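Just so you know, the protein sequences line up as chains A and B, in that order.
The numbering of the first sequence is our numbering, which starts it at 1 and goes up by one.
The numbering of the second sequence is our numbering, which starts it at 1 and goes up by one.
Be a bit skeptical, because a hint or two may be false.
Restricting the straight-line Cα-Cα distance to at most 30 Å, the calculated cross-link-like pairs of lysine-lysine (DSBU-like) are [what the hints assert, rightly or not]:
{"#": "1", "chain 1": "B", "residue 1": "K71", "chain 2": "A", "residue 2": "K205"}
{"#": "2", "chain 1": "A", "residue 1": "K124", "chain 2": "B", "residue 2": "K84"}
{"#": "3", "chain 1": "A", "residue 1": "K168", "chain 2": "B", "residue 2": "K71"}
{"#": "4", "chain 1": "B", "residue 1": "K54", "chain 2": "A", "residue 2": "K77"}
{"#": "5", "chain 1": "B", "residue 1": "K107", "chain 2": "A", "residue 2": "K77"}
{"#": "6", "chain 1": "A", "residue 1": "K251", "chain 2": "A", "residue 2": "K220"}
{"#": "7", "chain 1": "A", "residue 1": "K168", "chain 2": "A", "residue 2": "K64"}
{"#": "8", "chain 1": "B", "residue 1": "K54", "chain 2": "A", "residue 2": "K165"}
{"#": "9", "chain 1": "A", "residue 1": "K116", "chain 2": "A", "residue 2": "K165"}
{"#": "10", "chain 1": "A", "residue 1": "K124", "chain 2": "B", "residue 2": "K107"}
{"#": "11", "chain 1": "A", "residue 1": "K205", "chain 2": "A", "residue 2": "K191"}
{"#": "12", "chain 1": "B", "residue 1": "K22", "chain 2": "A", "residue 2": "K124"}
{"#": "13", "chain 1": "A", "residue 1": "K77", "chain 2": "A", "residue 2": "K168"}
{"#": "14", "chain 1": "A", "residue 1": "K205", "chain 2": "A", "residue 2": "K77"}
{"#": "15", "chain 1": "A", "residue 1": "K169", "chain 2": "B", "residue 2": "K71"}
The hints are simulated quantities; they were obtained by calculation from the structure and are not laboratory data.
Quick caveat: nothing in here was measured; it's all calculated off a predicted structure.
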Amino acid sequence: MDYQLVIIGSGPAGMTAGLYASRAMMKTLILDKMGSGGQMLKTHWIDNYPGFVDGVSSAELTEKMLNQAKRFGLEEKYGEVSFIEAVSRKHFRINLVDGNSIDTNAIIITTGAGPKTLNVPGEKEFTGRGVSYCATCDGFFYRGQDIAVVGGGDSAVQEALFLTKFAKKIYLIHRRDRLRATGVVQEMAFKEPKIELVWNTTIEKINGENEVTGITVKNKISGEIKEIALTGVFIYVGIEPYTDFMGDLIKKDSLGFIITDEWMKTSCEGIYAAGDCRAKPLRQIITACGEGATAAYAVEHYLLEL
Amino acid sequence: MASDNVIQLTDSSFDTEVTNFKGVVLVDFWAAWCGPCRAIAPVIEEIATEYSGKAKISKMNVDENQMTPGKFNIRAIPTMILFKDGKVVDQITGAVGKNLIISAIDKAIA
């Protein structure tokens with residue numbers, strides 16, 4: 001056996017599971033196709049992680065979480081999982097895309113989730129050339145320009161506020177007549193002169209030739225269709241879990257989120273899940289961390305069982 | 001990890017290091033404030049060590065260099081462009097896994 005525990009995905013859930021598992025003296029590997037941080041790196045500043053009075057940058061929080069876990073012996077590897085085999089009780093084989101494999105007693109899945117697409121014409125063609133899912137990464141390239149942010153949740157409104165640093169004007173396009181974002185965040189958006197709220201509206205098409213030059217929108221109530229000239233569209237319409245690689249080995253809900261019990265146990269004995277890839281009501285860094293700790297604790301108990 | 005294997009490009013060194021270079025060069029356009037750029041940074045370093053002598057692995061900070069990113073119309077980062085004998089052969093936008101980057105390099109080398 002190579003490891004007692006392999007954690008797949010190095011966001012806050014995975015790193016916290018790694019911290020708790022390493023402190024419990026389990027031989028643990030954290031596997032990710034790239035470096036640590038996960039989705040939290042898509043936002044620049046984090047104001048709701050307890051203990052940081054003035055907030056903390058996602059880069060700093062990532063580095064601290066990883067180094068803390070590594071201090072207790074957590075091992076790290078970059079690799080992408082192809083599929084997982086249940087060899088026997090307490091023996092899983094994780095097959096990697098590069099052809100190698102890793103044997104482990106138990107697994108915690110913390111692969112998280114990624115942005116949902118709008119699925120409108122122009123979206124795919126112009127990704128990286130006007131269409132973006134990461135304001136922190138790409139906002140810089142839209143200085144003094146008119147852009148749109150699509151969505152009405154926390155991410156959409158927070159990132160619209162972030163983009164006011166760069167853009168001249170921001171159309172916040174939402175399909176409903178009220179936002180879902182947290183009260184304090186909504187208030188800030190309403191007060192921000194650069195943000196224009198466009199209610200009850202959907203994007204029908206993203207227009208351009210080599211890059212985005214505008215969008216075609218439809219008002220859901222009046223049925224009116226119009227065009228807005230702009231150069232960037234930032235899409236924040238929810239997330240979808242990275243759980244396809246698990247196939248039918250574990251039970252998921254209709255959207256692909258992994259179903260667990262309160263011990264983070266999945267339907268397959270020896271496999272646990274934590275963080276955004278799990279079916280649950282709230283997806284925050286703090287909840288991911290809590291679940292990661294619980295999952296590591298559950299694995300510790302599981303490995304002691306005969 | 002030996003980060004010396006990753007060449008730090010500037011607008012003024014770009015032609016010498018990339019345009020006029022015979023062979024395969026990966027250019028990773030990045031910035032300090034870009035979280036996903038940080039996530040792929042250790043992967044880029046690992047690749048640089050593994051491909052030492054086979055491909056040139058380099059980075060360009062888009063905050064400090066604006067001419068080259070403008071020339072290649074970079075509007076999203078991380079963006080990785082693969083050059084072979086000074087010509088663009090492949091482009092990857094967004095943070096992707098190590099395997100995807102490696103297979104693009106392998107294809108360019110072949």
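Against the structure, the hints come out as follows:
1. Proximity of K71/B to K205/A is assessed by CA-CA distance (about 28 Å); at most 30 Å being required, the pair is judged to hold.
2. Distance check on the hinted pair: K124/A and K84/B sit about 26 Å apart at the alpha-carbon level, within 30 Å; holds.
3. For a cut-off of 30 Å, the pair hint linking K168/A to K71/B stands: about 23 Å separates their Cα positions.
4. A hinted pair counts as satisfied when its Cα atoms are at most 30 Å apart, and K54/B with K77/A qualifies at roughly 23 Å.
5. About 24 Å separates the Cα atoms of K107/B and K77/A, which keeps this hinted pair within 30 Å; it holds.
6. Taking the CA atoms of K251/A and K220/A, the gap is about 36 Å. The hint is violated against a cut of 30 Å.
7. Restraint check: the Cα-Cα separation between K168/A and K64/A comes to about 35 Å, which exceeds 30 Å; the hinted pair is violated.
8. For a cut-off of 30 Å, the pair hint linking K54/B to K165/A is broken: about 42 Å separates their Cα positions.
9. Restraint check for K116/A and K165/A: satisfied, since their Cα atoms lie roughly 25 Å apart, inside the 30 Å limit.
10. Among the hinted pairs, K124/A with K107/B is consistent with the structure: their alpha-carbon atoms are about 24 Å apart, no more than 30 Å.
11. Pair hint K205/A plus K191/A holds up; C-alpha atoms about 29 Å apart against a cutoff of 30 Å.
12. This hinted pair does not check out: K22/B and K124/A have alpha carbons roughly 33 Å apart, beyond 30 Å.
13. Between K77/A and K168/A, the direct Cα distance comes to roughly 42 Å. Violation of the 30 Å bound is thereby established for this hinted pair.
14. With a CA separation close to 41 Å, the supplied pair K205/A and K77/A exceeds the 30 Å bound.
15. Between the alpha carbons of K169/A and K71/B the distance comes to roughly 26 Å, so the proposed pair stays at or under 30 Å and holds.
Violated hints, in rising order: 6, 7, 8, 12, 13, 14; the structure is consistent with all others.
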